[in-house]
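Go by the hints and put chain B onto chain A.
There are 2 protein chains.
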Amino acid sequence: MKRFPLALLSVLLAPSAVLAAEGMWTLDNPPLQAMQKDFGHAPDKSWFEHVMHSSARLADGCSGSFVSAEGLVLTNHHCVASCVQQLSTATEDHMRDGFLAHTRPEERACPAMEVNRLDAITDVTSTVKDATKGRQGEAFTAAFNAIKAKLSAECVGKDASTVRCDVVDLYHGGQYKIYRYHRYQDVRLVFAPEQSIAFFGGDPDNFNFPRYDLDMSMVRVYENGQPAQVKDFFAFNAKGPEADEPVFVSGHPGSTQRSLTVAQLEQLRAVTLPATLLRLSEYRGRLIQYRSEGTEQARTANADLFYTENSFKVRKGQLAALDTPVLMAAKQADEAALRHFVASHPELAATTGGAWDAIAKALKHYGDFREAEMQIEGAQAFNTRLFQIARTLVRGAVERNKPDADRLPEFNTAALPQVEAHLFSKAPIYPALEKFKLEFSLSKMRELLGADAPLTKQLLGKDSTQALADRLVDGSQLADVAVRHQLWDGGEAAIRASKDPFIQLALSIDDQSRALRKRYESEVESVVQKNSELIAQARFIQTGTGVYPDATFTLRLSYGRVQGWKEGEAQVPPFTTMGGAFDRATGAAPFALPESWLKARDRINGDTRFDLAASNDIIGGNSGSPLLNQKAELVGLIFDGNIHSLGGAYRYDGTQNRAVAVDTAAITEALDKIYGAQEILKELGAR
Amino acid sequence: MKRFPLALLSVLLAPSAVLAAEGMWTLDNPPLQAMQKDFGHAPDKSWFEHVMHSSARLADGCSGSFVSAEGLVLTNHHCVASCVQQLSTATEDHMRDGFLAHTRPEERACPAMEVNRLDAITDVTSTVKDATKGRQGEAFTAAFNAIKAKLSAECVGKDASTVRCDVVDLYHGGQYKIYRYHRYQDVRLVFAPEQSIAFFGGDPDNFNFPRYDLDMSMVRVYENGQPAQVKDFFAFNAKGPEADEPVFVSGHPGSTQRSLTVAQLEQLRAVTLPATLLRLSEYRGRLIQYRSEGTEQARTANADLFYTENSFKVRKGQLAALDTPVLMAAKQADEAALRHFVASHPELAATTGGAWDAIAKALKHYGDFREAEMQIEGAQAFNTRLFQIARTLVRGAVERNKPDADRLPEFNTAALPQVEAHLFSKAPIYPALEKFKLEFSLSKMRELLGADAPLTKQLLGKDSTQALADRLVDGSQLADVAVRHQLWDGGEAAIRASKDPFIQLALSIDDQSRALRKRYESEVESVVQKNSELIAQARFIQTGTGVYPDATFTLRLSYGRVQGWKEGEAQVPPFTTMGGAFDRATGAAPFALPESWLKARDRINGDTRFDLAASNDIIGGNSGSPLLNQKAELVGLIFDGNIHSLGGAYRYDGTQNRAVAVDTAAITEALDKIYGAQEILKELGAR
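Chains A and B, in that order, give the protein sequences. To convert, note that position 339 of the first sequence is 341 in the numbering used here; the numbers rise steadily by one, no gaps. To convert, note that position 217 of the second sequence is 219 in the numbering used here; the numbers rise steadily by one, no gaps.
None of these hints come from the bench; they were simulated from the model. Please note: incorrect hints may appear among the correct ones.
Copies of the same chain look alike in the list, so a pair counts if it fits in one copy or across any two.
[Unchecked claim] As a list, the in silico SDA-like pairs of lysine to any residue whose alpha-carbon atoms are at most 25 Å apart:
1) K684 with T91
2) K428 with R106
3) K437 with S294
4) K684 with Q632
5) K428 with Q334
Here the structure is a predicted model, which is why all the values come from computation and not from measurement.
One chain only, chain A, in its complex shape:
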């Protein structure tokens, strides 16, 4: 099989013809020419290095930035909401009332939060490709996992507690790079405002603009019990940006699907997204009603509802985008042109002509076992933290006895620090909530697999879904962190001897679950991976222009300007003001301002810019990203996109897609006038 040499690939990646502001660029390959053209100036190498080292990643799915030499990290409230809820109790609700540590000792450790800082990027494409060359299916997956484990382990060396290395797949197998991070696992909460202002407008206003949210929080990374000293951090510009000012977003977009084939998009449209939406929708209904049953139910299920509604709205926007005839027509035309190009070049046709059909066939084949794979290996049937713990214990006991190269990748030596942090997290577990969640997921399993499916019968037997959920949760000791330590340290013998019902459940399904995973990896994932890579290579050859890779929750830079957009006939202005929040408030949730704001009303300058819109190309995972000016000063805090940005999963439209950020002017005004957080302002250099 002919391969296109990597050198050629690198040349072709030089950007030139992409639309202004489109793109989530890796920091080792920024679109300098386009920036030069659009802004009359492109940053230099030291600018990118500074931005890279001042940016932060929250390992569970958000972005952030270092804003002081003492390890202070700025991110969104919704990125630390789980921690804020976990640090709350029935009598002390920090989601409702906010949190502010005036002194270091008051800063409180977030259970299982990890912050990463990207230190270096190394190309390992040829090493990975050599290791997998000529392999298919299961052999491909095994070789691929083995080389990734080896490269990660070599990169981490003996510093697993402070170094994290991920092998990153860019351009769907076109390039492989090692991203080496500094790992911080002692992360402490410094500041979080009340959720009512962090998420003012609630679900109705989510993904909308104009907007009035102080969706900010601050955490601090510690090392050896002391605030971590960091060399690079962003200067805090308390004034914020001006309209039309060029701005950059440096963050970790999670996932885009801009290079997918039409068959893949069609599968998302007809299968994956509808199924996910229907599940989220019903779960949302259950959660809303559950939360209405009492203050403790409301408190403990608060973050669950936020994530559910947020995911729902994202996917609903994505489905709407895929149902836009113009989008699908453009994708079809683009694919047809590329297929024609491939067909008319005999060498390419020989290697790549069958790639699209191969992917379509693999997806169709996946349909035969997708539901079972999702329910069991994807654990959709067991929506409770207790099962996650049990599975980690059961699999960890087996996997840790194997050489690194043979393990399931999530148990590679390099991955264990994060696994252990989650496993031993002191986050409270509420039995009533776990029963509620598990019952829902068991009932969906029965619905989706069918009452007569072997797994349904095996699990439910003569039980109702509620009886089984109650029995499992009531009988389990896994809420006790000490029990988890015993089982983790005790290894396979301890696991086999355990009478814990979740351990027994995880054991009882492990063989069939692993079999489904292996089938998925060898018959679907590896086929898609191989053929996507061929298509990506053909596209480079066809276009001869620079492109950016789909988002992979790795550091990217996007550039744009502070600007509104035209909604129908109306021009949406790029800024809102703090006074606007008082105008919009009704006094009833989700439009009720917190007491602290109502009390401070006279002290606040109502003209202070609050939230803003910018044309930067972002997506979920960018939450908490710094918005930077050309001097790399922090002028805003990304927390959302407008409704049009949801279609950005598949295509960026510069006339409509907007990122939404908190203006640093509002951060400053709120910390000063409302929260009296003078220590923080001082640390930011804003006082």
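Just chain B, lined up with the frame of chain A:
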């Protein structure tokens, strides 16, 4: 504009080339040749007349059959579930425990139930077409409503309380007929088994087969306080049918979409069905959790959950069918062929060539105001019986002052008996449930129209959705039937003077609601109506073969055989047995058998056939239909279809689509051995 004469149309409707068993045929145009060919025998005219007069329609959406000269009607449990629930109290739950009247005085009146028997069908096509000829948009709608009101009123004469006449649109405007019914409004519950056996397997087993449900009930129609005497009724065959026996279903399929254009199907696929599914899914989640909060919540929201889950599963099956590439490809090919045929006949091209694009354009235009129209005029925002009552009172006061021809059709003189029956229904109204339902619908309105939509602001003001729902329900007197009588009798003056918050709500939105309705009717509905008619006519000319009209909740006959089907590699047998129910039972809902069954286990012959599958072409609305043998004896009771039958909305597939019925053998065995309903068996002639 050239029209094809009706005579031609009638000739073309003579059936010949339709697939065996496909079709929901009107009883004045049965597929005699096909029956003759398939069964070696076709029924004669008197057979059809007897079947027509022995069949019954439950006006709120089900079918049934007369089974004694004393007005006894057999239908499904789920068709009378609302009544059973309405007749229940916190201390006497007939849904849970069942109901049996051993004597006539014990039979209990169902609030607002209406049973119809079709007495005559009259063709009025030319009258209707003459009245609307040359009119477009609003003028068309007005003329169309006026002629329908006139024809109905003439047909009803002075007997509105016992005669009901509906102008029925067949073949999407190809034919208009008057269906004259005998109307029974005094309907009393005679027998309902426990819901746990009527709906054994619950939602998991719904639309599945093999099945073990006694989904039956019996009501009796009364006239002048006495059981109604009926001339025609079906003989009850206590043995049930044999495998492969020819069987007929005579019932009222509600709605099929087999003649829709590709644009209409695409709109269903991309817009209507997903939106409905997401709403139902969330509502389902809320209802399940609400019902878990206490026995009274469980009881009062029982029927709501059934209808929600049932609708959800139906629409999910429909969406899956539309996402089947083969179905859409067939529809596209069919439409392309018809368009080609039209284009190649100049006369047809001139009248009909633009019909498809006109429909597509109207649908696209509807998108501009669809959500508002659904929320306000469709009353999706106000999901409570109290609002329905208020709207009926508010509009009824105005409309009843107008001449019949100018009224909203639902307030035509001929329609008032059913309007009043619903308005003055003594069905209990539970404030807690109404608040729950209303809050949900208000929150969806805010979500779907947006927090900044004028209507959202007008309705919610500074309220939360819960506060508004509570205030409206707590402040209303409309749960009191006497208050409704006062307002209905008091007319416009009483309405204007009312301080009832629901009356004021209905008044406050009535202008904009009527405006949206008018816009829909004149800019969408009438356009679709006119152009669908043109397409239907072109199709008759093209195919030269008989076709049946899309279902319209009017009496239809379908024919087929008792038979299973092949599911993958497995052959599904056509019968289950009563013993099988005991095997399937787990003791936990929804697989728990009622006490009465457990106690009677030794007395029951386990080999008795319970449920059966047949190849008849049915759809929702057929619930409760009699399954008949060639002698027009009742051998079964339709209550469901298999999962493949859900795609029947768009296309019948004789290899897979199956109707599901209760075997009369099981009805007999259960009435005898379990319920001791000897009176009923005697009345059925089965003893």
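How the hints compare with the structure:
{"no.": "1", "hint": "K684 with T91", "verdict": "neither (31 Å within a copy, 67 Å between copies)"}
{"no.": "2", "hint": "K428 with R106", "verdict": "within (21 Å within a copy, 67 Å between copies)"}
{"no.": "3", "hint": "K437 with S294", "verdict": "both (17 Å within a copy, 13 Å between copies)"}
{"no.": "4", "hint": "K684 with Q632", "verdict": "within (23 Å within a copy, 92 Å between copies)"}
{"no.": "5", "hint": "K428 with Q334", "verdict": "neither (50 Å within a copy, 58 Å between copies)"}
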